[in-house]
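Given chain A, work out where chain B should sit, using these hints.
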Amino acid sequence: MRLTIVTPRKEVLSRDVDSVTLPGAVGEMTVLPGHAALMSVLEVGVARWTAGGEMHELALNRGFVEVLNDQVRVMTETCEVGGEIDIERAQKAAERARERLAQASRDAGIDVTRAEYALKRALIRLKVAGTTEH
Amino acid sequence: MANLKAIRKRIQGVRGTLQLTRAMKLVAAAKLRRAQENALALRPYAANLVEVIGHVAGRLDAEEHPLLASRPERRSLLLCYTSDRGLCGAFNLNVGRAAEDFFRQHPGEGAVTAAVIGKKGNEYLTRRDYPVEHYFKDMFADVSFDRISRIGSELTREFLSGGYDSLYVLYNWFRSAGSQRVTLQRVLPLDLSGCAERTGTSDRTEHIFEPGKTEILDALLPMYVNISLYQALLESVASEMGARMTAMDSATRNAGELIQKLTLLYNKARQDTITKDLMDIVGGAEALR
Chain A
309 MRLTIVTPRK
319 EVLSRDVDSV
329 TLPGAVGEMT
339 VLPGHAALMS
349 VLEVGVARWT
359 AGGEMHELAL
369 NRGFVEVLND
379 QVRVMTETCE
389 VGGEIDIERA
399 QKAAERARER
409 LAQASRDAGI
419 DVTRAEYALK
429 RALIRLKVAG
439 TTEH
Chain B
1261 MANLKAIRKR
1271 IQGVRGTLQL
1281 TRAMKLVAAA
1291 KLRRAQENAL
1301 ALRPYAANLV
1311 EVIGHVAGRL
1321 DAEEHPLLAS
1331 RPERRSLLLC
1341 YTSDRGLCGA
1351 FNLNVGRAAE
1361 DFFRQHPGEG
1371 AVTAAVIGKK
1381 GNEYLTRRDY
1391 PVEHYFKDMF
1401 ADVSFDRISR
1411 IGSELTREFL
1421 SGGYDSLYVL
1431 YNWFRSAGSQ
1441 RVTLQRVLPL
1451 DLSGCAERTG
1461 TSDRTEHIFE
1471 PGKTEILDAL
1481 LPMYVNISLY
1491 QALLESVASE
1501 MGARMTAMDS
1511 ATRNAGELIQ
1521 KLTLLYNKAR
1531 QDTITKDLMD
1541 IVGGAEALR
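One line per chain: the protein sequences are A and B, in this order.
So in the numbering used here, the last spot in the first sequence is 442, and the numbers never skip.
So in the numbering used here, the last spot in the second sequence is 1549, and the numbers never skip.
Same shape as in the complex, but just chain A (with noise of 0.2 Å):
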């Protein structure tokens, strides 16, 4: 089953996997091979991938995702793997997240759905580069 990721910028991944965890817009889901042609909306989440009884762990932004005769076909915005996730930066996003939240409730020209976004883009990065907040 060959999966590829592609973001704008570059291609991110094009590579013979096992399976393929992705989290789609009605939950986290797991592709076989062999599974039926699919189109889904993608949430920011981790997507996981195995090959050779090793897994591989992504941060992905929204995007999309088509499953066409074993063929997975990832359309992101952005993608990271863990080592090239700027961890600071990441952290510093999540507390400018939280933040804005917590004005949310005084100001209203704080759009929350995009306060919301950050925040989850950020916890995920973090998550996927390997530190633990709380």
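Do not rely on the hints blindly, as some may be mistaken.
[Said to hold, decoys possible] EDC-like, lysine to aspartate or glutamate: derived pairs with alpha carbons at most 20 Å apart:
id	chain 1	residue 1	chain 2	residue 2
1	B	Lys1473	A	Glu336
2	A	Lys428	B	Asp1406
3	B	Lys1473	A	Glu351
4	A	Lys318	B	Asp1402
5	B	Lys1473	B	Asp1321
6	B	Lys1397	B	Asp1344
7	A	Lys428	A	Glu403
8	A	Lys435	A	Glu365
9	A	Lys318	B	Asp1406
In short, the hints are calculated from the structure, not lab data.
What follows is chain B alone, placed relative to chain A:
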């Protein structure tokens, strides 16, 4: 006969210009390479997106999504891609002229409004009193997908709310460093026939849609719009750098030729004064005899 000092000064001036144009040419060449790399990096994503859309497009009616639905074109938005800086030949002028043509072809109050990327285009159109609704500033320090996708989302929202009935982009298509062609392209409402063709109609697999087809289209189609706008931006940036490279190359060559001519003139003038001085000396000696 021009005097020696004036010619020498002139040569120095031209030499300064030559150094400047040569440096600009080198910078443009480096930036062109980066722009081409960006365009190359986008290709896998764009190709996959087109293919996936193609898989859905074959079974899609225009009524199924508001981004596909065409309505009578009463108001159009024309997004013009220009540059912030000059000294790049006819790069900006060509877009400006094509924009004027577009306005002329769509007469009537409010039939066309412009949106502009790049200072030069904004200056060109506002000076001629064309309606510029959006001017997107500072696009070129960091040519990123994030920025253009925010613009794309804004324009898509306006299209959906009925602010205008169609969106066109006008940009320099990059053929080579020496040749760019102004291209007009309709982005909204979307025309997916190109995607369907690329994929081929033989593929009739019925996909499962999660959560539903509408949600998939809501994610895919705006992305397609943004990618189209991003592609046009990358083309335009590459074209700008190509145009500047060519312009600066010929400027450098002209300056070199001018220096040669002036040097010849300078040497002639110098020789003339030497001859004149000699004549004076010889004449003086004759007189004393």
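A quick look at each hint next to the structure:
A C-alpha spacing of about 19 Å is found between B/Lys1473 and A/Glu336, which places the hinted pair at or below 20 Å, so the restraint holds. The suggested pairing of A/Lys428 with B/Asp1406 holds, with an alpha-carbon distance near 18 Å, which does not exceed 20 Å. For the hint linking B/Lys1473 to A/Glu351, the alpha-carbon distance of about 16 Å falls within 20 Å, and the restraint holds. Between A/Lys318 and B/Asp1402 the alpha-carbon distance is near 16 Å, which keeps this suggested pair within the 20 Å criterion.
The straight-line distance between the Cα atoms of B/Lys1473 and B/Asp1321 is roughly 12 Å, inside the 20 Å bound, and the hint therefore holds. Between the alpha carbons of B/Lys1397 and B/Asp1344 the distance comes to roughly 9 Å, so the proposed pair stays at or under 20 Å and holds. A threshold of 20 Å between alpha carbons decides the hint, and for A/Lys428 with A/Glu403 the separation of about 11 Å falls inside it, so the pair holds. Restraint check for A/Lys435 and A/Glu365: satisfied, since their Cα atoms lie roughly 10 Å apart, inside the 20 Å limit.
For the given pair, A/Lys318 sits about 14 Å from B/Asp1406 by alpha-carbon distance, which is consistent with the 20 Å threshold.
Of the numbered hints listed earlier, not one is contradicted by the structure.
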